[in-house]
Amino acid sequence: MKPAAFDYKAPETLPEALSLLASAGESAMPLAGGQSLVPLLSTRRCRPATVIDLNRLPGLDGVSISRDTVHVGAMTRLRTLERHVGLRQALPVLPQAAALVGQPQIRHRATLGGSLCHADPTAELPALAVALEAGLRLRSREAERTEAAARFFTGPHATARQPGELLTEIEFRLLPGFRFWFEEVTQRGEAGFAVVGLCLGIALHGPVVTGARLAAAGVAPWPLRLSAAEARLTGRRIYDDLTDVAEAAVADTDPVADLHGDVRYRQALLRVLIHRAASHAANMRSPV
Amino acid sequence: MTITDITITVNGAVRQAPAEARTVLSDYLRHTVGLTGTHVGCEQGMCGSCTVLLDGAPVRSCLLLAVQADGHEIETVEGLADGAQLSPLQQAMLEEHGLQCGFCTPGVLMSLTHAQREGLTEQEATSLLGGHLCRCTGYGGIRAAIARLWRDREVTE
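Chains A and B, in that order, are what the protein sequence lines are. In this text, residue positions in the first sequence follow my numbering: the first is 1, and each later residue adds one. In this text, residue positions in the second sequence follow my numbering: the first is 1001, and each later residue adds one.
Calculated directly from the structure, the hints in this document are not laboratory data. Just to be clear, a hint being listed does not mean it is correct.
To be verified - No more than 20 Å apart at the CA atoms, straight line, and that leaves these computed lysine to aspartate or glutamate pairs for EDC-like:
(1) A:K2 x B:E1020
(2) A:K9 x B:D1082
(3) A:K9 x A:E26
(4) A:K9 x A:D53
(5) A:K2 x A:D53
(6) A:K9 x B:D1005
(7) A:K2 x B:D1027
(8) A:K9 x B:E1020
All values reported here derive from a predicted model rather than from experimental measurement.
Isolated chain A (complex conformation) (with noise of 0.2 Å):
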């Protein structure tokens, strides 16, 4: 199918893109990557009366490091963060998560802040923002305000986002001590869209948890903050059995059943993460 009219508007400053949100209101979709968009235009289940193409912004994009924190430009292409030499050391989940997001040829146009402001539940993008805590720099023509990402995501495909608002940029503190894995079974292949996903960090004195991060994605409408499992961790030796931890987190879960995954299969799968996650999380060199 073929999208349905609209108007196209491609603003050359922020200013521009904000006013033009701001008296366009909810007819209005800023397009970011499109990867997710022009197949929602195609098929006509998003017909909006403009599209605000925001590819044309200058400052959107690049990652700055400082020494306890990580920007991201919201429209940073997901192929940026994959190959950036300096993420790698920093925040390495960062490029190792959006590695796993659709394939090369989606990446190299998917954008970190399309894939939150869309919302997927099952996305690994919006596990890993809850599960690092990230900080989404939201500006309208009035205001700029950040959200935390555990309060963004409402639901499957929506977000605290308002109309007039635009997600400019994605702040992650570290966590010294932590290292962070991310694990997922997806629908097909080594890449595409995951059925379960789950970004777990774990902070170790020898062989003792001392602190625990778990976020999944694809149990629950939003991405869920798997808390009881990370209490459950904490204090615990990493290489004892977990089966506990992961029943607490399976406890904590609402998945949708789906064709790709009834409510036990997601279930298990996240048991199986878990699992997954923390052996690799526990066989990483250890943070400087």
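Following the hints, position chain B against chain A.
Chain B in isolation, oriented as in the chain A frame:
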């Protein structure tokens, strides 16, 4: 409805023609520019048959509005051969039976052309096939073509 005149360099030639905002690049290349080598399969980015190079990088032309390509450089399968002289990649695909019906082939060729230019490893090139659905070959012939090319490259280097 927005109609604008856009200028795209397609396979080295500057093309200027009007585009409706809702026209995706794959349709623009086929219907407006008249280059039907770029195939349209699923129109949602899954099958990979419409893959072209945008400023050298492989992208889905069905997921890009034609107006977004304004001022950019596009390469399609028509740009690969030099007259009747196939590119080494096309020749390897032919000799290794890397195609049967040929529907996915233009996209596969563009992804692998990028892999060759970027100096990707044989394994990285093969992993690009994850972005292309081929129902005829079972990928055996395509992988054989990749193996041949990358082996030849090692010999020349």
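Evaluation of the provided hints:
With a CA separation close to 12 Å, the supplied pair K2 (chain A) and E1020 (chain B) stays within the 20 Å bound. Annotation: proposed proximity of K9 (chain A) to D1082 (chain B) is violated, straight-line Cα distance about 38 Å (limit 20 Å). Of the pairs offered as hints, the one joining K9 (chain A) and E26 (chain A) holds, with about 15 Å between alpha carbons and a cut-off of 20 Å not exceeded. At roughly 6 Å between alpha-carbon atoms, K9 (chain A) and D53 (chain A) fall within 20 Å of each other, so this suggested pair holds.
Between K2 (chain A) and D53 (chain A) the CA atoms are separated by roughly 18 Å; this keeps the pair inside 20 Å, and the hint holds. With a CA separation close to 14 Å, the supplied pair K9 (chain A) and D1005 (chain B) stays within the 20 Å bound. Between K2 (chain A) and D1027 (chain B) the CA atoms are separated by roughly 10 Å; this keeps the pair inside 20 Å, and the hint holds. Between K9 (chain A) and E1020 (chain B) the alpha-carbon distance is near 12 Å, which keeps this suggested pair within the 20 Å criterion.
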